[in-house]
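Could you put the whole structure together from the sequences, leaning on the hints where they help?
2 protein chains.
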Amino acid sequence: MTTTEIEIRTGAYYDSVILMQLQRSLAEQPGVLDAGVVMGTQANKDVLAQSDLLAPQIETAGPDDLVIVVRGQDAGAAQAALEQVDELLSARSRGGGVDEEYLPKSLESAGKMLPGAQWVLISVPGRYAAGVAREALRLGKHVFLYSDNVSLEDEIELKQAAARQGLLVMGPDCGTAIVNGVGLGFANQVRRGAVGMVAASGTGLQQVSARVHQLGGGFTHALGTGGRDLSQDVNAVTARQGLDLLIRDPQTRVIVLVSKPPSPQVAAELVESARLAGKTVVVDFIGYATAVRRVDNVYFATSFDETAELAVQFASAAPQMGPQWELDLERFAPGQRYLRGLFSGGTLAYEALLFLQGYVPAVYSNAPLDKQYCLADSLVSQEHTVIDLGEDEFTVGRLHPMMDNDLRIRRLEKEAGDPQVAVILLDVVLGHGAHPDPAGELAPAIAAARAAAAQAGRYLEVVAVVCGTDEDPQDLGSQVAQLEEAGALVETSNDAAVRYVGQLVRALGAITVQSVAEPRKSVDVAVLNQPLAAINVGVESFTESLQAQGAQVIQVDWRPPASGDEKLMSILERMKKK
Amino acid sequence: MTTTEIEIRTGAYYDSVILMQLQRSLAEQPGVLDAGVVMGTQANKDVLAQSDLLAPQIETAGPDDLVIVVRGQDAGAAQAALEQVDELLSARSRGGGVDEEYLPKSLESAGKMLPGAQWVLISVPGRYAAGVAREALRLGKHVFLYSDNVSLEDEIELKQAAARQGLLVMGPDCGTAIVNGVGLGFANQVRRGAVGMVAASGTGLQQVSARVHQLGGGFTHALGTGGRDLSQDVNAVTARQGLDLLIRDPQTRVIVLVSKPPSPQVAAELVESARLAGKTVVVDFIGYATAVRRVDNVYFATSFDETAELAVQFASAAPQMGPQWELDLERFAPGQRYLRGLFSGGTLAYEALLFLQGYVPAVYSNAPLDKQYCLADSLVSQEHTVIDLGEDEFTVGRLHPMMDNDLRIRRLEKEAGDPQVAVILLDVVLGHGAHPDPAGELAPAIAAARAAAAQAGRYLEVVAVVCGTDEDPQDLGSQVAQLEEAGALVETSNDAAVRYVGQLVRALGAITVQSVAEPRKSVDVAVLNQPLAAINVGVESFTESLQAQGAQVIQVDWRPPASGDEKLMSILERMKKK
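These protein sequence lines are chains B and U, in that order.
In the working numbering, each residue carries its 1-based index in the first sequence increased by 1041.
In the working numbering, each residue carries its 1-based index in the second sequence increased by 1041.
Fair warning: there could be bad hints in the mix.
Which copy? The list can't say, so a pair holds if one copy fits it or any two copies do.
As the list claims (entries may be wrong) - Below, computed lysine-lysine pairings styled on DSS-like, alpha-carbon distance capped at 30 angstroms:
1) Lys1320 with Lys1412
2) Lys1455 with Lys1086
3) Lys1455 with Lys1412
4) Lys1412 with Lys1086
Honestly, the hints are just simulated from the structure, not real lab data.
It should be emphasised that the depicted structure is a prediction, and the values quoted were computed from it without experimental measurement.
Dropping the structure here:
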C-alpha cells in the first residue's frame, strides 16, 4: 500500500533551483513514486492535490513554510527518502556552478568587487524583491527585476524613484532583455542589427527577436519593462525611458514597441512620442484594435510575425511614404489654421475624417465619425470641417456634385474668404456619368480663390484628390494639368492627400505633446553601449548564462534579511534609508 | 440698385439636369448677377440664403414647388431674364441627346422595345423612385437605384421582394457599379481582370477600382449596394447576393468587400460567408477596427489604397499562407473536440487567445481576453482552454516553466487523459536562461501522452511552437527534431501554429454558419456575364453614358404619375398591384 510522508520546515529559505532539484532527487530515490517540494501557498497546495500529494497536515502550512511530500510504495521507502533531504540539499550546495565561499553576502560588497557593474539582476522571491531593488537604486545601479509577485505599489514607487535618478527599472516580472548583445534573464541569441525594441511582454520580446533573426535581421537592444508598465497606474515610466533611449541611440534605425493591450491613454501618449522619433516605429499592442494601419512614421502590426517582418523590411529600406509635399508654414498668414474639405464623394470624405483623427483632435462634418462633431448647419463650417456635398440634404431637385459643380464652387469661394482657413481639400471624381470636364469648372474657381486670398495677404493651399484612370472619358492627364495650373496640389491617392493635409493643419495648430510623466532625469545612453557588467541576486543560473555570454558578472550569496521575518526586515530597511 | 425677381411654379416637374441648365442659362442673361433654380425644400432655401438669393415670398414654397430666382443689376434685367424661362426650357428639350418623340412613356413599353434588358436604372426624384423600382421588379428586371431620399422602409421592402425573385436591387443611393465591363451611374473606365467587388460605398468603389487600374489590375464586376445595405435593418440583403454571385463567378479570383462601418452583427456574418468563399477576400469596412489582419482567406485592410494593393497582389499570386497542415478529421475519435494550450510564455498565450477568437467562440484561460472566460480553477481546464503557466499563481517558490518543465508535463499527462481533448498546443522557448534541453524532457512526455491516447482509441494532436534561433545554446535543430520524433507538429511561428489549431478545432466543432437572411432565390450568375442591356428612367446623361460604352439602352420619357399628386399616385399603384 502506497504511503505519503510529509515534512514541513518553517521559515526555511532555499532558492527555487534547489527546490526543483530536491524534488527530482527525491523522486529518484528507491521505492518513491512521486515527490513534491513547494512553498506552502494555496496555489501550491492545489497543485499537490492535483498530483495526489496533498495530506491534511499540509493545510496548516503557510506561504513561508517549505513543504516536502514523498509518496512511496510503502512507508519505509517514503521515510527513507525523507531522511535524505539534508544530505541532498548539502550535495546541491557543493555541486553548484558558483563557488559560494568567495561570494559577497551583500549588494554593497558586490558593488565594491565589480565597481563597473551598471546592472543588478534580481530574481529573489517576490516579497523580498522590492527591498533588493531599492538597495540597487541606492547604489546607483539600473535594475533588471525578474521577480514576480511584486506589488503594484512597489513597482510604481521603484520606477518613479529610478526615473528621478536617470536609472531604469525593467520589471517586476521582466523575463527578458538584450542589452548590447547580452541577454538578461531569458533571451534568444540573435544577430546584432538596426532594430531596437521596447517590450512590456517577455515572450513577445523573445518571439519578435527570434523571428527577426530568422528573417535575417538583428538588434541593437531589446528592453523589457515588465507586463504592467503600460497600465494607467504605472504610466509607462520604463517604456518612455526605453523609447527615449532608442530614439537617441544612433545605431537603432527602426524601433519596435510591443505590449499586451495597454491603457488607451498611455498608448496614445506613447504613440505621440513615437511620432516624434524621427525613426520608423512598428507598434504591436497585441489585441489593440486600430482603424488605420499607419500614422506617419508609426505602423500598427497585429501579430509578432507581422511585427518582425515589418521591422526587418524597414531596417533594410526606409518605408515608402508616397509623395511627400514640403510643409512650408512660413507662407501662411497669422491666424490661418483650418482645413475645409469639400467632397463630392461620401466615402472619400469618410476616409478623410478617419485619417484626420491621427492629426487633429476634432473635425466637424455633416456626416461626422462622432456625433459630437456634427455641424449645426451644413452650410456653415466650424474650425476644421469636412463636408460631404453628396448627402441627401443637398440633392433634392439638384444633380449630384459629381455632375454639377455649382454648389461646390460657391462653397469654395466662401471658404477661401475665411481668414482662418489655410487649406481646402476637394475630390474630383472622373469616369462615366460624371461631369465631362470637372477641372474645366473647378480650376478657374480654385485659381480665383487663391488669388482672392493672396489679395488679402494670405496663402491658400488647395489639395485635390483626382479619382480616375487614363481610360476615363475626361482624360485624366488634362484634368490633372488644369488643376495644377490653377495652383492645386494633385494626388490620385486619398490617403496621401489627407496625410499631407493632416500634417499641415497639425503643424499650423502647433499641437504640443503634453506628457503627464513627472519631470525626470534622462537616462545616459552609455548604459546601452558600454560592455555589460552585472550583479546577480537570486537564480544562480542567470550568472552562469551571463558568463557564457562573455559578460562580467558577480553573484551575491543572498539570504532573506532577518531570516524572512517581515517585521524585522522593514525595521532594517528603514534604518538603511537613514 | 440690384433687384431680385422670383417665380414659383407649383407642382411642376423637371429633371435635375434641366434645372441646372436653366439656372446657368439665366445667370448668363444680360444684366443678371446670379440665379437659382431649385425645388422648395428647406435645405435649398438655406442654400439660396447663402448666395443672397432668398426673399420672403420663397418661404411659402414647398418641396414640390419649383423656385426660380434671378438677381439682376436692376429690376428690368431680372424681369427680362425671368421672361425667358419657358423659351430656355423648351430649347433644352429640343437640344437633348435623346430624341423624345420616339421614347416610350412607361417602363412596360420600354421593356417591350428592349426585351433583353436585364437592368432598370432609376434616377427619378426620391419620392417617386420606390414606385418605379417596384414596377421594374414586377417586370422581372434587376434594379440599379441611383435615387437618394428613399425611405429605409421602402429599401427593406424592395430588397426583400427582389431577393425572393432572385433579383438584385442595388441602392437606393447607389452611385456606381461595373457589370461586365459597363459602368452604371458614375464609374471609372477600368481594365477587365480577376478582381470582383461588392461595395456599400459609391466613391469607395470608384477609388478602389481606379487604384487597382492604376496598379495594373482589373475587374470582373463591381457591384454597388447602396450605403445603408450593411445596416442592421437592411441586413446586407444585396451585399450577400453580390458576394454569393462573385463566389460563383468563375472569372473572379479575388473578392473585395468595401463598406463604411457596418453593423457589427452584419459584418460578422458577411465575414463568415467570406471565409467559405474558397477565394481570397479583402475587406475594407472603413473605420471598422480589427485586432487581427487576417483570418484564413479574409484580409482586413484599412484604406482604399491598401485594399487596392492587396487585391492586385492576390490577383496575380494567391497569398502565402505559411505552412499548411492537412486537416485530417477522420483520425479523431467521436467526442474529441477540445484544445488545451499549455504555455510557458504569457504573451504567446495571449496572442493565441487573440487569434483563436477567429475560429471558436469561447476559449477559457487563467488570463483570458474577456473575463467571462476566466477559469474557475486554473488547474482544471474547461472546454477549449489556454493556460499561461508563467502566471504569478504558479511561480511562488517554483522556477518559471521555461526552466522547470515539471508542472507542464504533469498537466500534459492529465489533459491527454481527457477523452474530449483533440489537440494540445504548447510553446518551447529556447535561449539563454531557459532550460538547457526542454525538448529532452517534453518530447518523451509528448510521446507518452500520444501513446496513452492511442491506447484508449483516440488520436492526440500535439502542436509545438518553438521560439528560438540557430544561435541559441540549446541547438534549435535538435530541439525541433526531438519534438517531431515524438510526433509533435512543430512551427516556429505562433501565428501559423495557432491558425492550424484554430482550423482544426473549428472543424471538429463543426460550427455551422447560421444565416439570419430569409430563404431566398439564388441570383442567376448570367446577369453578370451577358452583354448588358438596360432601361434608363431619370437622368438622361446616364443613357448617353451607356451608349458611349456600347451597351444597349432605352430611355423612358418619364413624368411623375398623377402629375406628382401623392394621394393619386398611391391609388394608381394599388390598382397596378391587383
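Check: Hint numbers the structure violates, sorted upward?
Finding: The structure breaks only hint 1.
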